[in-house]
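Q: Starting from the structure of chain A, add chains B and C where the hints point.
Protein chains in written order, with the numbering used here: chain A, 1 to 387; chain B, 388 to 478; chain C, 479 to 750.
None of these hints come from the bench; they were simulated from the model.
Where hints are given, some of them may not hold.
Said to hold, decoys possible - In silico DSS-like links for lysine-lysine, alpha-carbon gap of 27 angstroms or less:
#1 423/B <-> 439/B
#2 93/A <-> 116/A
#3 55/A <-> 737/C
#4 484/C <-> 735/C
#5 116/A <-> 735/C
#6 735/C <-> 663/C
#7 116/A <-> 737/C
#8 737/C <-> 602/C
#9 206/A <-> 270/A
#10 580/C <-> 663/C
#11 580/C <-> 55/A
#12 663/C <-> 620/C
To be verified - Here are the simulated distance ranges between beta carbons:
#13 535/C <-> 347/A: 30 to 38 angstroms
#14 696/C <-> 116/A: 41 to 49 angstroms
#15 594/C <-> 363/A: 43 to 51 angstroms
#16 363/A <-> 455/B: 49 to 57 angstroms
#17 435/B <-> 542/C: 47 to 55 angstroms
#18 465/B <-> 176/A: 37 to 45 angstroms
Stated by the list, open to error - Partial list, derived from the structure: chain B residues whose beta carbon lies under 10 angstroms from chain A:
#19 389
#20 394
#21 403
#22 405
#23 428
#24 446
#25 467
#26 468
Just so you know, these numbers come straight off a predicted model, no measurement behind them.
Think of the CB as a built atom: it goes at the ideal place given N, C-alpha and C, for glycine as much as any other residue.
Listed below, chain by chain, are the residues.
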Amino acid sequence: MSSPLKAYKRANGAWGLRNQVLILPMHSALSSTARAIADNSDGAVAISHDWSGEKDNDLARIIFTLSGYASNPNIFATIFLSIGNPEEEQIIKGAQALGLTRFTNLLLPEIGSMEKLQQEAITLANEYVKEANAQERVDAPWSAIVLGLECGGSDALSGITANPALGVASDRLVELGASSVLGETTEILGAEHLLAARAIDPAVGKKIVEMVARYEDSINYEGIDIRGAQPSRGNIEGGLSTLEEKSLGAAKKAGNAPFTGTLEFGEIPKVAGLYFMDTPGHDIEQLAGFGAGHINVVVFTSGRGTPTGSAIMPTIKVSTNTPMYESIPDLIDLDAGTIADGIETLAQVGDRIFNEIVQVANGQLTKAERGGHHEFALSRMYKTVVK
Amino acid sequence: MRKVLILDARDNIAVCLADLAEGDVVQQDDITITVKNKIPRGHKIATREIAKNDGIIKYGERMGHAVAPIAIGEHVHVHNILGDRLSAEQV
Amino acid sequence: MTISIKGFDHGNRGAGIRNHQLILPTVVCSTHVSRRIATEVGAVTFAHQHGCGIIGDDVAGIDNFFVSLADHPNVASVLAVGLGCETIQSQELAAKLLSRNKSTQYRIIQESGGVEGTVAAGVKAAHELSNAFPSAPAAVAKLRVGLDLGREVDSAAALEQLLRDEGCEVVVAHSESSSAETFSKLSQENVHVIISFPSESQPASGFPLIPVINVASNGVLHQAIRGDFDTDESTLLSGIVTLLTEVAAGSETVAEKSKSGEIRAPRVVRSA
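Looking at chain A on its own, in the form it has when it is part of the complex (with noise of 0.2 angstroms):
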């Protein structure tokens, strides 16, 4: 099947499905700046975030993520604000490293303060917002599409409505050539021995294993047992029986496709094919990880409803059940719900999601998106309290 996509393409030969402008500030105390820029500007994003420099041990973590964040290929041009301090120098040569072209650092102490450094990156914003607008899609092949996997707010319909549907479509999508990257290891507890008897060697399905018992390990060293009160009382009376269905129904996102390889926290896939990358199950610093590793289109699946949003990645927000995504209209681009309704098969919705992603990835806006959602964090593996 020939491909319908139109998308930019970049110098080192990534696809981007959007051309945003970034305005990425490096210090937590230019975040709030970063934000009056990208709201004054005729159409640049902004993320803000709550580190301010510090080099504690989740450093490496931290200018690792800005680095591919700053470098995905949605991005037309990024404008970063420094305060001038050295790791910032790392970050912005990680983001050319990974294949960042068009980009300014503005610095604060060259400027002179927050007030004239605002003024200055808006009109900056507006020079490349106008240089994006001006750039043409181009046909664009199945490959272009690197999607990540998500859900939020799981209820007793995920397992059998909007994951498995997610399924089809992703499976789909790496018949044809495209990446599909699920995350959220904390959702794959005690499924990881069967997704791993579908990597494509045993090298790839010890390395699943590992990075589960990696995680809980982490997780454990704090006295938390994580696996031992799963399915909880909740699940149960939803009718889950088994941790293993529970986070069978969580990673039925990625369909049956097998597992090509595994990609660490904000790791870039190398070749086409399906990932599982080491994710927390917080949201949105599963969206910073997803963002850091290149993944230019996301489909987020909920029971409860969300606003998320990126601001670099449509974010597509499908629901379980129909009851959610009719109270809250403006949050969700799809409803699976008709599955347990009998009203649509999984094939049938399967097939929808398949056919919204090839839109948005051709610039259909998704609701999140007109929404002006960009939430973002920063994951962090070490406590930030100095005792």
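A: Structure of chains B and C alone, referenced to chain A:
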């Protein structure tokens, strides 16, 4: 409207899309099942005869095993099945 | 001589030097909706990344942190905005807040018709709170001043003594590297105002509920962005009482004007 959902052709259970009562007859494709006991929406019903220690197959994958024989039409849940991992760890 | 301040009566929260309505997002997912509500009604809010995916001691820790923000004396009323499915349940949190201060309401996105529905409901609730709890004047008997020492400050002891002589209570905190968590800690001590001495490699920054007076060092960065600071360390002692009195009386600090400052709650466990 369908009352059960078989997620994969290899499965030996289906998911109930409505509250089912004893004696109800449910159907999907060429499978017809008479419900053996009350089963709430979202819970599982056996679509094949399952012997003790047989695997419970959902999504075409093994999600646990039977700790008692389960007849077609019976409620499949924590009272008659157990996860493989948990029981392995308990032993 | 004693600094005398006319402030606002905030009931159980005490007397404050600001009359902020706080739109409190109980989870990262509701920060955008909170910002829209706050912008519309002229209230204070902040972005943060907490409230979900938290485990162990952090659940109570972050919950208590939000309670302390809502209890702050500079706060007139609180509208808590939740998503619904987060770890910290905004309904439970709101019940806790309501039991402490009547001027509290909550709205939940998943139960208020999504984003637009919640913004509309939130704006309405915020207006109701302002109308039902009009500000009443009150004297601030003792100004509580937080000192954020992010660097070695020669005059720190003299400043502390000077403030005590003026009748202030002083809470001293030493920041490890940046001011973000120190401000959070000082806010839990209910300080009305903070005097911050960021390290020479750190910029000036603010905190949503509390005026922060940023004091510049002679370092290269601070002098390059002198406009982001309120005063210099070298001339601090001679002018601080006047400056503090003005700020306490309502004059905005530089950080308040630029609305700078993200909130970072202390965490003890990784995200789940």
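Q: Determine which of the earlier numbered hints do not hold for this structure and return their numbers in increasing order.
A: Failing hints, ascending: 11, 13, 14 and 15.
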